[in-house]
Amino acid sequence: AQTVTQSQPEMSVQEAETVTLSCTYDTSESDYYLFWYKQPPSRQMILVIRQEAYKQQNATENRFSVNFQKAAKSFSLKISDSQLGDAAMYFCALSAGANSKLTFGKGITLSVRP
Amino acid sequence: NAGVTQTPKFQVLKTGQSMTLQCAQDMNHEYMSWYRQDPGMGLRLIHYSVGAGITDQGEVPNGYNVSRSTTEDFPLRLLSAAPSQTSVYFCASSPTSGSYNEQFFGPGTRLTVL
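Going down the list, the protein sequences come from chains A and B. Each residue of the first sequence is one higher than the one before, counting from 124 in the working numbering. Each residue of the second sequence is one higher than the one before, counting from 6 in the working numbering.
No wet-lab data here; the hints were simulated from the structure. Please note: incorrect hints may appear among the correct ones.
[What the hints assert, rightly or not] Facing chain B, according to a computed beta carbon distance under 10 Å, are these residues of chain A, among others:
id: 1; residue: Ala182
id: 2; residue: Asn185
id: 3; residue: Ala219
id: 4; residue: Phe227
[What the hints assert, rightly or not] What follows is a list of derived Cβ distance ranges for each label pair:
id: 5; chain 1: B; residue 1: Ser23; chain 2: A; residue 2: Lys193; range: 26 to 32 Å
id: 6; chain 1: A; residue 1: Asn190; chain 2: B; residue 2: Asp43; range: 26 to 32 Å
id: 7; chain 1: B; residue 1: Gly45; chain 2: A; residue 2: Pro163; range: 14 to 20 Å
id: 8; chain 1: B; residue 1: Thr75; chain 2: A; residue 2: Leu207; range: 38 to 44 Å
id: 9; chain 1: B; residue 1: Ala57; chain 2: A; residue 2: Lys193; range: 42 to 48 Å
id: 10; chain 1: B; residue 1: Tyr105; chain 2: A; residue 2: Ser165; range: 22 to 28 Å
id: 11; chain 1: B; residue 1: Met24; chain 2: A; residue 2: Gln179; range: 46 to 52 Å
id: 12; chain 1: B; residue 1: Asn33; chain 2: A; residue 2: Thr143; range: 35 to 41 Å
id: 13; chain 1: A; residue 1: Ser130; chain 2: B; residue 2: Ser74; range: 23 to 29 Å
id: 14; chain 1: A; residue 1: Lys193; chain 2: B; residue 2: Thr25; range: 39 to 45 Å
Ideal Cβ positions, reconstructed from N, Cα and C, are used throughout, including at glycine.
If we strip away everything but chain A, and leave its shape as in the complex, we get (with noise of 0.2 Å):
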């Protein structure tokens, strides 16, 4: 089975500035992919980067990146130059084993202050 855990149901950030949503993450596969996927009040579910667990380097996606601690079964979201358009809620996933079965986590839901 795996699990994965976002305890902080919301945060909340000044524009323009940065910051980070956390998730922990269990399996017991050694060949996964993590994922954050980003719900707009518009309910559709958007990707916003991935991880390879075989990759040691940190995904980048623009001013979205990952820290990515294999040992800690930690992967972490960064958000930079925080804009309005960047409130949603923001859901950690897991994929392992031979299906796309995706794990969420519950989700948390960031506002961004003007």
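Since the structure of chain A is already known, use the hints to place chain B on it.
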């Protein structure tokens, strides 16, 4: 490409009624899945399919049926709706069943069972 489409967007049912949530994708993806999203629970996998004619259960399959007669379509059937099935339902697809794949989500269906 329309991507992943879901109908209806909203639905209200009475306890005991049956209905089918429709999902279609035009990307020729092998893998399709259904999730439900409940407040404070994240998204949980209901059923998935790795190709036409092949389906399997996810984490919360009770009360739901699926079939996959074509690559494009993956309907979710509620046989006898219960208030516990009040939720937002998402259909997703990915090119193959590999764990590395990004999953593409539909816009969701908000279902209320009275």
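We went through each hint and held it up to the structure:
With a least beta-carbon distance of about 12 Å to chain B, the hint placing Ala182/A at the interface is violated under the 10 Å criterion. For Asn185/A, the shortest C-beta to C-beta distance to chain B is roughly 16 Å, which exceeds 10 Å, and the interface hint is violated. The closest approach between the C-beta of Ala219/A and any C-beta of chain B is roughly 6 Å, which is under the 10 Å cut-off, so the hint is satisfied. For Phe227/A, the suggested interface contact is upheld, since its CB lies about 4 Å from the closest CB of chain B, less than 10 Å.
Between Ser23/B and Lys193/A the beta carbon distance is about 46 Å. The supplied range of 26 to 32 Å is therefore violated. Our hint of 26 to 32 Å for Asn190/A and Asp43/B holds, since their Cβ atoms are close to 29 Å apart. Distance hint check: the CB atoms of Gly45/B and Pro163/A are about 19 Å apart, consistent with the given range 14 to 20 Å. Between Thr75/B and Leu207/A the beta carbons are some 42 Å apart, a value that agrees with the proposed interval 38 to 44 Å.
Checked against the hint of 42 to 48 Å, the pair Ala57/B and Lys193/A fails, with Cβ atoms roughly 37 Å apart. At about 27 Å, the beta-carbon gap between Tyr105/B and Ser165/A stays in the expected band of 22 to 28 Å. Met24/B and Gln179/A have their C-beta atoms about 48 Å apart, which keeps the hinted 46 to 52 Å range intact. Remark: the range hint 35 to 41 Å for Asn33/B to Thr143/A is upheld by a beta-carbon distance near 38 Å.
The given range of 23 to 29 Å is broken by Ser130/A and Ser74/B, whose C-beta atoms sit roughly 42 Å from each other. For Lys193/A paired with Thr25/B, a C-beta distance near 42 Å keeps the hint of 39 to 45 Å intact.
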